[in-house]
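Visitor: Sequence lines, in order, name chains A and B. According to our numbering, the first sequence is numbered sequentially starting from 53. According to our numbering, the second sequence is numbered sequentially starting from 7.
Simulated from the structure, these hints should not be mistaken for lab results. Check each hint, because a few of them may be wrong.
Derived lysine-lysine pairs resembling DSSO-like cross-links, with alpha carbons at most 30 Å apart [unchecked claim]: (1) B/K211 - A/K133; (2) B/K145 - A/K133; (3) B/K211 - B/K145; (4) B/K125 - B/K211.
Far from chain A by the CB rule (all over 12 Å, computed), these chain B residues [said to hold, decoys possible]: (5) A32; (6) G107; (7) H111; (8) S140; (9) T190; (10) S255; (11) T260; (12) G261; (13) A293; (14) V299; (15) V301; (16) G322.
Note that the Cβ used here is the ideal one computed from N, Cα and C, for glycine as well.
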Amino acid sequence: MNPDGGLPIEWVTPAGPPAEPGGSPLGANDPGPERVAGTAAAFTTWAAPALLAMTRLARRLAPDAEPEDVVQESLARAWQKWAQYDASRGSATTWLLAITADQARTARRAKVRRLRLIDDSAELPDTADPHAARRAALREDDLDLDRAVDALPERQQLAVQLHYFVGLSVEETAAVMDCAPGTVKSTLHDARTRLRHLIGESR
Amino acid sequence: MSEQSENSDVLMDARLHAAGQRWRDANVGSPAAPDAQVFALAPAGVRGPRRRWTVLASAAAVVVVIAGGASWIATRGGGGDRSPSTSTGLGKATATPASSGIVAHVGTRTYVLANVTYKDVTVASPPGITLRFSGTGNKESVTGSDGVNSFSGPLRTATASSLSFGPIAETEIGAADEPAALPTVQAAISAMLAGSNSWQLLGAKLVITPAQPAGTSLIYLAQPSPAVTAVDGTWQLSGYGRSGGGASSLVTQTGGYSDWLVIDGSRATISTRCYRESAAVTTTPTAIRFTQVRVVYSVPCTAPADAETAADDAVGAALSASARWTRDGSTLTMTGDDTTLAYTPVAKAGGPS
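So here's chain B without its partners, still in its complex pose (with noise of 0.2 Å):
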């Protein structure tokens, strides 16, 4: 490096530095404290404030509010923390007694809620309100939505009729025009992660009945997978279209494009030029919706817009809201409301690594 660039180099790196530090004193980042009101635990079927993020220890317990940079904690009710532990982590400090598992029960699948029954008031949920269970033995965990949020965390119980959880993490993220039994809906569930409940798995019916309030039930159903055969696979795009010219319409490659799409049960994994992202697959036999869309991997995409481009562009848009898939002979066809993507089967060794 000449000394001029080096110079240059040295220069830039204290501009950088000066930049920052000025940067970080303006953004401290430390909110006032919030008033006592935050520290409750909302009621149920209420929502707090928005961008709280909240651990429900259990009924009456610790609770802990963490919001923009920094944190306070309060106590509440009567009750306590567990027992202390010398675990390394959360899930080794769970549980007493020891959980014998719900998951052999119930296994990893997903389940969507159907309806829901608030003190002897019932409404049909929303779509795509979801609860899996995963691990074994007292390393079980759960995690799902309400609608709006997502919580996570481990079990306390679950034997082959009793079932509760905590300490469950759940974001508190505001959200508009939600549907109008969504509170209703919110409400059991935070009773169903706050309490003991009791289940059943009745085929493929799972119904959690919260001890309180009384009149409170929640049914869920295993995530339909007939139809995920049908679109299980490695695929390649061969075609996109938008503005909702349909099948008739694609803009086509020679040797496709350089995106990929495996669906391997309810989990699919998307693969452009630039991203790889992994998502959770929903089908009927006429629809399909890609959600909890996650970057496995991004690499610095410079290439100059191009057909790659807007066909990257298309993908992106198919995962952000639900179509209509068809398979005409080998091709795979998913066609939204402004972006079709047809897609042609190959082996899975020739699709990405």
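So here's chain A without its partners, still in its complex pose (with noise of 0.2 Å):
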């Protein structure tokens, strides 16, 4: 764990999760990069079954920075910095989504910056919703639970978009959110009371 508790800006997590049976959303190709060329297409090959997974984070975390633009930037800092993955420490498409979810809470708060700059004091209009393209494909009955996973404290609220919603296992959270995956759990937890009260029991 970082001591600051939070992502580490380097990588360092434990040794990489067991595969989910039933099907992991992590692409089966990760072959690492000792066993491909140190090129341009590698790169590519070695990254690309982490894009799905890479792009959905970036829509859950920052939909209303262009998560698009937070998937560019995540992969070219994984360029730069690409030599310092180790593959015992997790697969590729971990690192990577730690690398995203760092990039889209940048993102994030730049945009929120950059709304202050413009009117620290105004009321944003309805249609100014920063998650309302997201929200626009769900059902009525999932409305409240996205408005109150995004009430969630920061760490609950990476835990459950990478669990729930990204679809990766408890192991796999766990190596993106550099903890054992216990902690994942009691995490999530945690996360699910806050959304029952926040959202209400009956429910």
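Reassemble the complex: the two chains are provided individually, in unrelated frames, and hints are given to aid placement.
Guide: Have a look at this one:
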């Protein structure tokens, strides 16, 4: 765990998680850089299985900050830091998702700052709901759940987004969040308790 | 946990799984394959469609485009990939012949583009276009920007007079209201990244001359540093003001705020209650600007809005815009369009951990 309590800048993670039976969203093609030529094409081959999960995570975490741009910045950063990737510490996809989570947080905060700089006091109109695009595709009974998830503390929200919406296993979520699987389980439990409180037990 | 509570937890777990599955089904994230034009390396100076991420392997080699959860590969021209490598990463998969190094000559400081000449047309560069080398030996790399997008990657070759890059990763993010000079600047940068170059260091001036096209050169200036020493140090926020009131309308509290600023040369670390961020700092004798702001970590910030929250917000706003800075005695004051921050120095041991 990062002693600061947050996601690490550099890749530090426990041993790679086992594959989840029954269909992990992570791509099966994860040869690692040691098995491919160190070229642009090789990087593409290496990173491609993670792109869907990266895009989904960016859409969940930073829907108001051009998620595709977040993926771009994440890939550019991964390219720069590729030599630091250590396959013994986790899969390519979890490494890339950790970078994506960091970039999404940066983009989301920058977006808030830009809005504040435009008008610090203005109330945003309803049409400026930053999650409107994401929510447009939701069923009516998922809307309150989606809003409640957005109200969770940051670590709980990240765990929920990775596990339930990106579709990672607990072990994969732990690898992205740089913590033990047991920590993810307790974080998810706390999140579910809070969600029940937020949207009401009767629902 | 009571049985009722456990049942509720199971129900919430199932509900979340179901909602997540429905959301994933509606967000497959695989856009239709682009037409052939998207594969092509954009002509120099012409920005492509937004939301692409491109690897420029060399002037005529492999172009990789990744976008929106799908990837495509196309070859272009007669070039090819670099020789296969069994390395464990990009940094080891360089360069034939081995680089003898440029960092030893130009250092790792940031260079800011001053002007470019592209096909014998010279324009002044918009501000903030940077180039920075790092690493040693044949593991040298470059990072930089072209005014809109960032790029990074290893050096292919570097001698005391020649330089080539690649493969370079560059984002392809569109931008509105680009300065008029930007297309020319970007064309010159594209030429620099894609081909071979000669280079010279003339004092603080780094001149890079691409072999092609003729009549092209880029002049970078080492980031000025004389003023940096005046703002170097560890600072604690002692007061803040919004709405352009300047130093006379600062909101203060006893003991200062839980906001710290550490400036060390061209780098800064900014700590508030909920975030720690790193940034590059550019200073002149009167102005300071934070760029490349990255969140190092954040913690859940559940405290109710209070004076500290407002101070945090003021720091956040200041990081997003240029500010004027002054030193009055020991106090460092930064004044932006609508934000004023006052810092007092502290011993490093008293700063953030």
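Visitor: For every hint, state whether the structure bears it out.
Guide: Hint by hint, here is what the structure shows:
no.: 1; hint: B/K211 - A/K133; in the structure: holds, 29 Å
no.: 2; hint: B/K145 - A/K133; in the structure: holds, 12 Å
no.: 3; hint: B/K211 - B/K145; in the structure: holds, 24 Å
no.: 4; hint: B/K125 - B/K211; in the structure: holds, 21 Å
no.: 5; hint: A32; in the structure: violated, 4 Å
no.: 6; hint: G107; in the structure: holds, 17 Å
no.: 7; hint: H111; in the structure: holds, 22 Å
no.: 8; hint: S140; in the structure: violated, 10 Å
no.: 9; hint: T190; in the structure: holds, 23 Å
no.: 10; hint: S255; in the structure: holds, 15 Å
no.: 11; hint: T260; in the structure: holds, 26 Å
no.: 12; hint: G261; in the structure: holds, 23 Å
no.: 13; hint: A293; in the structure: holds, 17 Å
no.: 14; hint: V299; in the structure: violated, 7 Å
no.: 15; hint: V301; in the structure: violated, 5 Å
no.: 16; hint: G322; in the structure: violated, 5 Å
Of the numbered hints given earlier, the model fails hints 5, 8, 14, 15 and 16; all others are met.
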